[in-house]
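**Student:** Listed below, chain by chain, are the residues.
Protein chains: 2
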Amino acid sequence: MHASPLTYRRQIETILLGWGARIEAAAATAEILLYAGISGIDSHGISMLTEYDSRRRNGWLDLKAKPRVISETPASVLIDGGGGLGHWPGSLAMGEAIARAKSVGLAAASVRNSAHFGACGYYTKMAAEAGLIGIATTSAMMIRVAPTFGAEAKLGTDPFSFAAPGEEGKPFLLDMATTTVAFGKVRNKRNENLPCPPGWVLDSAGRPSTDPADVAERGGFLTPLGGSAENASYKGYGLAAMVNILSACLAGAMPITDPARATRPGGPEIGHFFLALDPKLFRDPAEFRADVAAFCDSLRATRPLDPATPVLVAGDPERAAAERRAKEGIPIPPGLAARLQEIAREVDVPWLL
Amino acid sequence: MHASPLTYRRQIETILLGWGARIEAAAATAEILLYAGISGIDSHGISMLTEYDSRRRNGWLDLKAKPRVISETPASVLIDGGGGLGHWPGSLAMGEAIARAKSVGLAAASVRNSAHFGACGYYTKMAAEAGLIGIATTSAMMIRVAPTFGAEAKLGTDPFSFAAPGEEGKPFLLDMATTTVAFGKVRNKRNENLPCPPGWVLDSAGRPSTDPADVAERGGFLTPLGGSAENASYKGYGLAAMVNILSACLAGAMPITDPARATRPGGPEIGHFFLALDPKLFRDPAEFRADVAAFCDSLRATRPLDPATPVLVAGDPERAAAERRAKEGIPIPPGLAARLQEIAREVDVPWLL
Numbered sequence: 008m009h010a011s012p013l014t015y016r017r018q019i020e021t022i023l024l025g026w027g028a029r030i031e032a033a034a035a036t037a038e039i040l041l042y043a044g045i046s047g048i049d050s051h052g053i054s055m056l057t058e059y060d061s062r063r064r065n066g067w068l069d070l071k072a073k074p075r076v077i078s079e080t081p082a083s084v085l086i087d088g089g090g091g092l093g094h095w096p097g098s099l100a101m102g103e104a105i106a107r108a109k110s111v112g113l114a115a116a117s118v119r120n121s122a123h124f125g126a127c128g129y130y131t132k133m134a135a136e137a138g139l140i141g142i143a144t145t146s147a148m149m150i151r152v153a154p155t156f157g158a159e160a161k162l163g164t165d166p167f168s169f170a171a172p173g174e175e176g177k178p179f180l181l182d183m184a185t186t187t188v189a190f191g192k193v194r195n196k197r198n199e200n201l202p203c204p205p206g207w208v209l210d211s212a213g214r215p216s217t218d219p220a221d222v223a224e225r226g227g228f229l230t231p232l233g234g235s236a237e238n239a240s241y242k243g244y245g246l247a248a249m250v251n252i253l254s255a256c257l258a259g260a261m262p263i264t265d266p267a268r269a270t271r272p273g274g275p276e277i278g279h280f281f282l283a284l285d286p287k288l289f290r291d292p293a294e295f296r297a298d299v300a301a302f303c304d305s306l307r308a309t310r311p312l313d314p315a316t317p318v319l320v321a322g323d324p325e326r327a328a329a330e331r332r333a334k335e336g337i338p339i340p341p342g343l344a345a346r347l348q349e350i351a352r353e354v355d356v357p358w359l360l
Numbered sequence: 008m009h010a011s012p013l014t015y016r017r018q019i020e021t022i023l024l025g026w027g028a029r030i031e032a033a034a035a036t037a038e039i040l041l042y043a044g045i046s047g048i049d050s051h052g053i054s055m056l057t058e059y060d061s062r063r064r065n066g067w068l069d070l071k072a073k074p075r076v077i078s079e080t081p082a083s084v085l086i087d088g089g090g091g092l093g094h095w096p097g098s099l100a101m102g103e104a105i106a107r108a109k110s111v112g113l114a115a116a117s118v119r120n121s122a123h124f125g126a127c128g129y130y131t132k133m134a135a136e137a138g139l140i141g142i143a144t145t146s147a148m149m150i151r152v153a154p155t156f157g158a159e160a161k162l163g164t165d166p167f168s169f170a171a172p173g174e175e176g177k178p179f180l181l182d183m184a185t186t187t188v189a190f191g192k193v194r195n196k197r198n199e200n201l202p203c204p205p206g207w208v209l210d211s212a213g214r215p216s217t218d219p220a221d222v223a224e225r226g227g228f229l230t231p232l233g234g235s236a237e238n239a240s241y242k243g244y245g246l247a248a249m250v251n252i253l254s255a256c257l258a259g260a261m262p263i264t265d266p267a268r269a270t271r272p273g274g275p276e277i278g279h280f281f282l283a284l285d286p287k288l289f290r291d292p293a294e295f296r297a298d299v300a301a302f303c304d305s306l307r308a309t310r311p312l313d314p315a316t317p318v319l320v321a322g323d324p325e326r327a328a329a330e331r332r333a334k335e336g337i338p339i340p341p342g343l344a345a346r347l348q349e350i351a352r353e354v355d356v357p358w359l360l
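Those protein sequence lines, which keep their order, are chains A and B.
With my numbering, letter number 227 in the first sequence gets 234, and the count goes up by one each step, no holes.
With my numbering, letter number 84 in the second sequence gets 91, and the count goes up by one each step, no holes.
Chain A extracted, bound-state conformation (with noise of 0.2 Å):
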């Protein structure tokens, strides 16, 4: 099956709506789960909401949540988001930080008691179409990685995503998790009963595997970026550990490490980061992205291994999954579809898709 991006974006609202979310959440929501969806990160498009639903039957997402400001500067804004879902706090938040950067250069945003917020390369994507660069992080849900030597869970996939302005229509826009793949790269492997490629993921031991059953049932780790200590697994660890300094103990959201985080009655709390800098503080904005173009352009015209895998730059993945799906639409597998059918039915919103 394949939606339209106005009905893939039109059922996540209904659904929303249903679920008694407030107007502008829902909204939000819907926007942001569109982007991933129409970029081809189907992780995190209309599939989320089967985890937002169990989060939900939780006691662990307040749907009628409102953001509110907790304190500013000219230079900043930090938002709580009352335990409701990401995306209209997280957007909230960008959006104060690009406002806030137009006026004094740059500005930074932080949001706690929040929940998931979607595709991090959304809120920096919004800096780069205002001419600036942003950089976004969340503390994360799920504790899935064993820092380099360790035999135990402590981090998550912990994103950071980063964008600048260029080529209009064409923004760098870096967007990744800090571990060598994500959780769904290595259930793939498992349903297909394919091993793991060195690298991925460690048994519950904390020793290098390649089956993809250690991490899925077997209380193994994924890996930060690198892989293997040998190969410099410090760094991926090192960057999730920063990840988690500016989502979480910035903006004092729990940190992921906190034992008291499994026991807090609405759940793993969440905190996020923005940064928004106009690039005027320093050049000529046009010269500004005309060297990021002609820098983007000159990587792109590296020459390749093999020529039928042409050297890509950050966001040009996105950008061209977005192209195919505006006219063939976005595609829902069939399991994914029947569950999301069940839930309109549920709460007795129309099936639109």
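Rather than coming from a laboratory, the hints here were simulated on the basis of the structure.
This structure is a prediction, so every number in the text was calculated from the model and none was measured.
A few of these clues could be false.
[To be verified] Computed list of lysine to aspartate or glutamate pairs in EDC-like fashion (alpha-carbon distance at most 16 Å, straight line):
hint : chain 1 : residue 1 : chain 2 : residue 2
1    : A       : Lys192    : B       : Glu237
2    : B       : Lys192    : A       : Glu237
3    : B       : Lys287    : A       : Glu237
The hints should help you fit chain B onto chain A, whose structure is shown.
**Tutor:** Showing chain B alone in chain A's frame:
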């Protein structure tokens, strides 16, 4: 041979002064190379003098250069390094970012027309010691890294550093090249006639290799962090591109991919980027530091795979080295000592080591 920190620093300073460097340039460079030397980052310590010597002889280093502020706002400063070494303008720039962040909450500084500035971590440590979060990046001199899917070098080791204050004297301090490993590690394997682990290097056609000679002698490449497309080297590649956008494009320094760079009379031009953020924008700074300290301690307490190899936090290895070397002195291998002695003799400055 082991040098006391004071002698190590003094020897660097006398040689730089012997080359005709300004007093401020000699002092800043000596301090920052000493930071690397005492912290165990030997690739960025006194050994750099041999590199600086050849650049100086090429006419690529103006030791009389004086950094000059080109533009400023309450939240930013742009400095022209004047074609000299990067340590003086770099430490001035981070100093300005810190002072401005103390006043307006966060600030950025940028340096163009600069050269090698030592270890990135020195600058973010400055921020952490002032109670602030710090970020530092620099563009690189040498092009050694092929983008993912590429068979041509387009990027450098492109380092990134992030620091945050936590427990007093123990900041979180990440300082990393965005490659899997630095070229020095490949050279060491070559010298020992050992293969590289899979994922470190590519041959000159862009194919995975384990032969260090492929890079050291036959035009091959270092890999971005991740090591292969399958193991997400597009993340390391994306981080390297980010470092270039921040360091070169934002400062108005010549991008590493610019073909004119090779024939520029002053040699490849380097740019740096610095950011400082005061946690008081969002929280009581003491509470922030306590959370960072607790987070780091929880990571250190991770059950290890091997009890003899405990889990560390970014900054721990450098602090352990500094503690050891403050007592035992900083080791200087005989070949390097001989080369340095020759350099000192050439400009007729006393040999102190």
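**Student:** Run the distance test for lysine 192 of chain B versus glutamate 237 of chain A: straight-line Cα separation, threshold 16 Å.
**Tutor:** Judged against 16 Å, a Cα distance of about 11 Å means the pair holds.
**Student:** For the pair we were handed, lysine 192 of chain A and glutamate 237 of chain B, check the Cα-Cα distance against 16 Å.
**Tutor:** Cα-Cα ~11 Å, so holds.
**Student:** Would the hint linking lysine 287 of chain B and glutamate 237 of chain A be met if the CA-CA limit is 16 Å?
**Tutor:** With Cα atoms ~38 Å apart, lysine 287 of chain B and glutamate 237 of chain A exceed 16 Å; violated.
Against the hints set out earlier in the document, a violation occurs for number 3 only.
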